[in-house]
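Listed below are the residues making up each chain.
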Amino acid sequence: MTGPPRFASWLLSRVLDPSDRRYVLSDLVEEYSEIFLARGRRVARRWYRAQVFRSLLPSLRRRLAIARNGRNRSVRPTKRGMLMDTLTQDIRFALRSFKRSPSFTVIVVITLALGMGANTIAFSLVNSVLLNPVTLSGGDRIVQLWRDLEVPGHMVSTTPTRAMIDEWRRHDRVFEVIGEYEEAELLYIGGDEPLGLSCTYMSPEMLALLEVRPSVGRTFTAEDRVDGEDRVVLLTEAFWRRQFGADPGIVGQTIVLDSLPHFVLGVVPLDSADLFERVFSGDEPQDLWALMQTGDVAHGFGDNPFAVGVLRPGLDLDAANEELKRIQSGLIESGIVEEDWTASASTPQELVSQEMRTGLWVLFATVAFVLLIACANIANMLLARSVVRAREFAVRAALGAGWLRVARQLLTESLMLAVTSATIGSLVALWSLQALGGFYEGGLARLRGVELDPLAVFYTFGLVILVGLAFTAVATLPIRSGNLAQCATQGRDQVSIGGRRFLPRQALISFEVALALLLFLGAGLVVNSYLRLQLVNTGLDPDGLISVQLTLPEESYADEAARLAFFDDVSSRMRQLSAVESVAVGRGVPPRLSALFGTVQVEGREAPEDNPALVMTGNYVTPGYFSTIGTAVFDGRTFAEEDSVSGKTSVVVNESFARKFFPGEEAVGRRIMLESAIASSSTESWRTIVGVADDVKAFSLSDDQGRLQLYFPFEDRDPTYGVLIVRGVGDPSALIPLLKEQVWAIDPTLPVERVDDVRQLYAGTLAQQRFNVMLLTGFALLALVLALVGVYGVISLMVSRRTREIGVRVALGAERSDILRMVAGSGLRSISIGLIAGLGLALGLTRYLESLLFEVEPTDPLTYGAAVLLMAIVGVVACYLPSRRATTIDPMEALRHD
Amino acid sequence: MSKGRYLAEFELYVMLALARLEDSAYGVTIRQEIEGRAGRPVSIGAVYATLGRLGDKGLVDFRTSDPLPVKGGRSRKYFRLTVDGQDALHQSMAMLERMKQGLELDAGPGRVRK
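Quick mapping for you: the protein sequence lines, in order, are chains C and U. Just so you know, this note's numbering puts 742 at position 742 of the first sequence, and the rest follows in order with no gaps. Just so you know, this note's numbering puts 929 at position 31 of the second sequence, and the rest follows in order with no gaps.
Simulated from the structure, these hints should not be mistaken for lab results. Where a beta carbon is used, it is the ideal one built from N, C-alpha and C, also for glycine.
Residues from chain C that face chain U, not an exhaustive set, calculated with beta carbons under 8 Å: (1) D17; (2) D20; (3) Y23; (4) V24; (5) S26; (6) D27; (7) L28; (8) Q51; (9) R54; (10) S55; (11) L56; (12) P58; (13) R61; (14) R62.
Derived DEER-like restraints, expressed as beta-carbon distance ranges: (15) R96/C x Y904/U: 38 to 44 Å; (16) A906/U x F53/C: 20 to 26 Å; (17) G937/U x R405/C: 43 to 49 Å.
I would like the entire structure built from these sequences, with the hints used as guidance.
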């Protein structure tokens, strides 16, 4: 019997819905055979053609209807419905395939989750610290306003004068509103101990600008701003909880601050207080917000407040700066401000230190690289797996799945892995960000209040999609490169033939090694620099040294004599104690000295035409200061009784100062005159240099700012506050209660709060470096482990795939060393390529680390050598272990190997 | 009964054929049943397209048989009415019944005597 017309069958099968195709055709054949047997070939064939011809139109229509509406049980099937149907099918299938290889799934998910978690953290940090510190509706228009003075080398920005602010307010084309604030410490007696409260005086505009919604009570408005004795304050929520146990009854009551009654209007919620502190007050937690009264301004307080402006819509920073310059020249012309002063606006972002900025971007790049390494590893595993799964794909292809359908299945699997990892990663991130809060305590105040950003979750989701797509592309490589059916027939044997099949994987090894080396090098440089910082000579002996700032309120210490007497009294009382070795008082203690901006004149020398203002460090100290902190005085002497009596006639300079002004000359005995660049009204006279002291690290271990240091007798300046510096014998913390006891014996209303350990103050100046070191080494180690796992995995896979080949080689007389060379050789080649590429990358990229490094070049040969050596060792170990297994292969076993 | 359940003429034929054939309804028998009774040529493609559409509406479902126990034997797709299908068929027939009440159709459609 001849079969039915072929062309007709082929034509119909093209048109039919695939799910019906074989049934329709077999039904046709069935009838065709009957007709053929009963009425002959011609009739049967004619019948068949007629059937096909008449079937074409309805089948085509049906096919189009399915394409348009889907194949659904609902009356009006939708396209989405059909997609969902195959999607659930895909998901079910993916779940089954994960279940079949649980270890693969777990490893992929953990690797990815680590990578994604790290990226979510980095994104949260970068976003909240660098990109978007002000989360307010007008946030991008908020600018901080400054009065600037150019000194050689850099601009010194200070707060503007009232005249400038008033003038800015008049030019309301630029600013919608200008708020002012000023910080002060207020004495509060009423709790268990006298407290010095951190208070910010604000103009009502500040509250509007910060969009404060009080959690209890109300905020102050312009109506509260009357010239009178009624002072109003808001409590910050943290202080309210700490001091008043979150009692809402405190609102409406009066508390006494600095001996004056203050009316409590309300409570500032945590987020508003946090925002203000983060953006505007250098992360110092504030206890109170008080209304800056017009009376205060009249009395001189609030003459130089901080100013914050909101730009009118459409104006940018450049336009604002342009306008400020114009206004300023008007002010200079009319003689309201001094000639050298300029005005500028800056965004709150610019307040973030350069180190923090660089540190965070480096972190951001690092975690991106870690994710890339993780992805490379997973890509490797997926490649291996899709070769193994080739047979499965081939079967599916035979059942009618095109490669696109298989690719969609793989995409579903990849995305499921990515989504699961992103979820776990986000949880890891949430948890780690809380842990990072620890760095706030450790001195890195910027990190306070950084939390998992909703935007970061979007970011992670974006990564998920990218990663998912990338994995699909990788996993479909073996399918696309060949014909699906080919895979079925070749199966495992194909991959056991030569090394060529491993090419993409060897490239991945090189890629991983290169990135891991780069990260390791970066971390190495930062660690190296951190170690050097530890060895920096502070110029003093910080061990056993504690300090506390004591602020004397005007109410109880009427005049300078009373204040000097207090410090005298407390020093001699402390000196009596057996636990105390020595005591001194200063205006500050390193690394918390104050900067001086001013010009220096040397007696007997012509003052240069354009005598530049310099940035220096100044401190007013008692005679015992140098011996107490442990700083050597090389030449001359330290201060003595006669210096304090004669008044403003003597000065001790440091070595750098002496070298700068008296190179090769004797400094002691010379006279200098200082003129402050800021307070032009200060009356200074010629001072004789009585001694030269060692250089001290004035602000931090890492920077050389404030290199020129000057010391004046403590009595030269009215000590409204002073820092009591005590060197004890033994544990410094044991001194704290003794110190409080002595202070309170003299004045029980005086707050003794922050007693600092000088060693810890210095350690605190390295918080940023410690943060960099911890994160960078952490991620570099992660990268190293991932690279190790990657190399190991590829080589072991290669060994197990080539078992039979190795067996044959051994059977034909290959030595152990030949096998070792063969297997390890290709791995080592990839590693070497990776190391070279990594070195190249590092030479190009580590220069971005420069600002983070201290006395270490970005191309430090020692660090480079060590990192390359370490990576090489790790690489060799990762290659050697699986290669050794290859040499133990028994040829008989191997030949039976399938 | 929802609007979507009105049956087209050919759908009605197919469902009636399923009702008649009971357990032996597959492509060949359905086509032959309609062709035989309606006396007009019916294409297998139209039958499957209609069955597919009825399947979408949930009025018919199918099972595939084991391959026939002969060499090269193919499996068949057997169709039957679902409960909804039986219901829809019943409703359509009842509607047809109501519509034709009082009409004399003996002379054939289009020539109704007044």
